[in-house]
Each structure stands twice: as structure tokens, then as C-alpha cells.
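Starting from the given sequences, assemble the full structure and let the hints guide the process.
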Amino acid sequence: MIQSMTGFGKHTIQLPTKKITVELKSLNSKSIDLNARIPGAYREKELSMRNTIANELKRGKVDFGLYIEITAEETSTQVNEAIVKQYIQQLKNVVDGDEVELLKMAVRMPDALKTEREEIDEEEFAKVEMALEEALKAIVEFRTEEGHALTREFELRIKNISDLLEEIKVIDPERTSMIRERLEKAVSEVKEKVDEDRFEQELIFYLEKYDITEEKVRLANHLSYFTETLNTDDSNGRKLGFICQEIGREINTMGSKSNYAPMQKVVVQMKDELEKIKEQVLNVL
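Using my numbering, the final residue of the sequence shown is 296, and nothing's skipped along the way.
Because the hints were derived from the structure by calculation, they are not lab data.
On a predicted model such as this, the values are computed, not experimentally measured, just so you know.
Check each hint, because a few of them may be wrong.
When the alpha-carbon atoms are kept at most 25 angstroms apart in a straight line, the in silico SDA-like pairs for lysine to any residue are as follows [as the list claims (entries may be wrong)]:
#, residue 1, residue 2
1, Lys69, Lys268
2, Lys41, Lys276
3, Lys148, His22
4, Lys180, Arg54
5, Lys56, His22
6, Lys36, Pro121
7, Lys268, Ala231
8, Lys56, Lys170
9, Lys115, Ala93
10, Lys41, Lys115
11, Lys138, Tyr78
12, Lys72, Lys180
13, Lys227, Leu285
14, Lys72, Cys255
15, Lys289, Asp174
16, Lys69, Ala231
17, Lys170, Lys148
18, Lys276, Met141
19, Lys21, Val90
20, Lys29, Ala52
21, Lys21, Phe153
22, Lys148, Ala137
23, Lys115, Asn91
24, Lys72, Asp174
25, Lys138, Arg54
26, Lys56, Ala142
27, Lys180, Glu257
28, Lys180, Gln275
And the structure:
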């Protein structure tokens, strides 16, 4: 069953002092294109998380966000007391002032605050991985639901092309008769005697040149193959795209050979249906 490359997944885990949220959004792309937004403390784990996402989602333009919200009285930023005291003493040497005002000035000075680099807690990271796995399950489920909708759309369009192919099969004998009549009329207007056998040979050659029997058979096979591929276990948008190319080739050939307005009208309708398939195939994983 096919999957769409469009999807969204989110999962949140509440820890005693933090809330961890993982978000995944994806759109269609020829390959995996991953943009990660994570806290600096988790940079050393970024490659591992990227690999996990790439292995699961395979293709798509993916936005990955990891958000850590502090929910308790916890901070990694502290006042650098020694530096602040030195600033206050230096300011007193310059100007007499209230201690509170001098303190306000001192804490704005460089290095007045120090931020200790957080070390990754492996237990906490295990929770992050768990949130990531749940978010991946959610986005895969979303993609699968979108895939069901795409499948219904494809089946409708393929059926429409098949119905139009049946119309062409009905029209084809009329087209052949029209071509024969047109040639016979053209010859009669020349008012010259022609060799009947030679004329018949030339007529057969001309009709064979515009014969679309093979195109009709191949198009029917390609339509069946497209439907079979839709119902396989794996989602293969590239393969469906290649089949669309083959379908288009047969439709175009029939159009160029038709030389008959009613058939060309049906061919245009087939092309319209195929274009709608091509647009949606770009979204298939």
C-alpha cells in the first residue's frame, strides 16, 4: 500500500523538571532532506537521531524539532559573583553611587553571568528517543492515511483512462473506414486510371502506418501494471512515475497516429487524466 510523503507527527513526554516535545513535518522531495532544530546540548546526538528519522521516513523534505521546556526551578545560568564584585569595586572608584544601582550596572558587564554547559543525561536522552519513536509512528500513520486517499484518486483516474481506451476501440474502425474513403475519393478526383492491386497495396501500407493496435494493447497492460503496483506491500513512487511515463508514451503515439478528430478528442481527455495522476505521484513515497 502506498504512503504519501506529506505528514505530521508529534509526541510530548513530561519529566519531573522538563517537558520534552518532538515534532516531525514532511513534504514531498526526491530524496530525504532533513532540517533539524534541536537544543545545543543535544548536538552530539544529532547524527543518531537523523539516522533514525531517515531510516523510517526514507524520502521527503522533513522538518524535525526537539523542544526542551524547563518546568521546575532549574537553570544552567548563574551569577559570576567574583566578577560582579570586581565590577562594583571598580565602579565605586569611578563614581559614588547606591549599591543597588552599581549592582544593576555590574550585571550588564561582560562575563557577569556564566552558563555551564549541560551534559546529556542518558536516561533523559532515552526519553527523547522514546518521544522520537512515538512521533515517527504518528507521522507514518498520517502518511498511510494520506496514501489511502491517493490510492482512491489513482484508481479513479486509471479507470477513467481505461474507459476512454474503450471509447477509442469503438472509434477505431470508424477511423479506418474514414481514412480508406478519403484516399479513394482523392484518387477518384485525380481522374486517372490506377492499378487496383497497386492501390490496394498502398492503402494497406498507409493503414498499417496509422494502425494503433499495439498501442492499445500496451496501454491496457501499463494501466493494469499501475494498479498492481498500487496494491503491493511497498510504497514506490518512483516506479509509479516510470509507469506514468510509459502510459504517456502510448497515449501520445495514439494521438499522433489517429488523424481523426473524434479520436484526438478522446486522447486529449486521456492526457488530462494522466496529468492529474502525475501531479499526485510526486507525493508518493
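To see whether the hints hold, each was checked on the structure:
Proposed proximity of Lys69 and Lys268 is contradicted: the alpha carbons are some 42 angstroms apart, above 25 angstroms. At most 25 angstroms may separate the alpha-carbon atoms for a hinted pair to count; Lys41 and Lys276 exceed this at roughly 34 angstroms. A C-alpha spacing of about 10 angstroms is found between Lys148 and His22, which places the hinted pair at or below 25 angstroms, so the restraint holds. For the suggested pair Lys180 and Arg54, the alpha carbons sit about 63 angstroms apart, so the restraint of at most 25 angstroms is broken.
For a cut-off of 25 angstroms, the pair hint linking Lys56 to His22 stands: about 19 angstroms separates their Cα positions. Distance check on the hinted pair: Lys36 and Pro121 sit about 40 angstroms apart at the alpha-carbon level, beyond 25 angstroms; violated. About 17 angstroms separates the Cα atoms of Lys268 and Ala231, which keeps this hinted pair within 25 angstroms; it holds. In summary, the hint linking Lys56 to Lys170 is not supported, as the alpha carbons are separated by about 49 angstroms, beyond the 25 angstroms threshold.
Distance hint between Lys115 and Ala93 is fulfilled; the C-alpha atoms sit about 15 angstroms from each other, no more than 25 angstroms. Under the criterion of a C-alpha separation no larger than 25 angstroms, the hint pairing Lys41 with Lys115 is inconsistent with the structure, at around 55 angstroms. With a C-alpha separation of about 13 angstroms, the suggested pair Lys138 and Tyr78 falls inside the 25 angstroms cut-off, and the hint holds. Proximity of Lys72 to Lys180 is assessed by CA-CA distance (about 43 angstroms); at most 25 angstroms being required, the pair is judged violated.
At roughly 16 angstroms between alpha-carbon atoms, Lys227 and Leu285 fall within 25 angstroms of each other, so this suggested pair holds. Simply put, Lys72 and Cys255 have alpha-carbon atoms about 23 angstroms apart, close enough for the 25 angstroms limit, and the pair holds. Note on Lys289 and Asp174: the hinted pairing holds, with a Cα-Cα distance of about 19 angstroms set against a maximum of 25 angstroms. Of the pairs offered as hints, the one joining Lys69 and Ala231 is violated, with about 32 angstroms between alpha carbons and a cut-off of 25 angstroms exceeded.
For the hint linking Lys170 to Lys148, the alpha-carbon distance of about 33 angstroms lies beyond 25 angstroms, and the restraint is violated. Restraint check: the Cα-Cα separation between Lys276 and Met141 comes to about 57 angstroms, which exceeds 25 angstroms; the hinted pair is violated. At roughly 36 angstroms between alpha-carbon atoms, Lys21 and Val90 are farther apart than 25 angstroms, so this suggested pair is violated. As the CA atoms of Lys29 and Ala52 are separated by approximately 14 angstroms, the hinted pair is consistent with the 25 angstroms bound.
As the CA atoms of Lys21 and Phe153 are separated by approximately 11 angstroms, the hinted pair is consistent with the 25 angstroms bound. Taking the CA atoms of Lys148 and Ala137, the gap is about 17 angstroms. The hint holds against a cut of 25 angstroms. A C-alpha spacing of about 14 angstroms is found between Lys115 and Asn91, which places the hinted pair at or below 25 angstroms, so the restraint holds. Simply put, Lys72 and Asp174 have alpha-carbon atoms about 36 angstroms apart, too far for the 25 angstroms limit, and the pair is violated.
The hinted pair formed by Lys138 and Arg54 meets the criterion: a straight-line CA distance of about 16 angstroms does not exceed 25 angstroms. Between Lys56 and Ala142 the CA atoms are separated by roughly 14 angstroms; this keeps the pair inside 25 angstroms, and the hint holds. Using a Cα cut-off of 25 angstroms, the hinted pair Lys180 and Glu257 holds, with the two alpha carbons roughly 19 angstroms apart. Between the alpha carbons of Lys180 and Gln275 the distance comes to roughly 13 angstroms, so the proposed pair stays at or under 25 angstroms and holds.
The structure fails to meet hints 1, 2, 4, 6, 8, 10, 12, 16, 17, 18, 19 and 24 from the earlier list, while all remaining hints are met.
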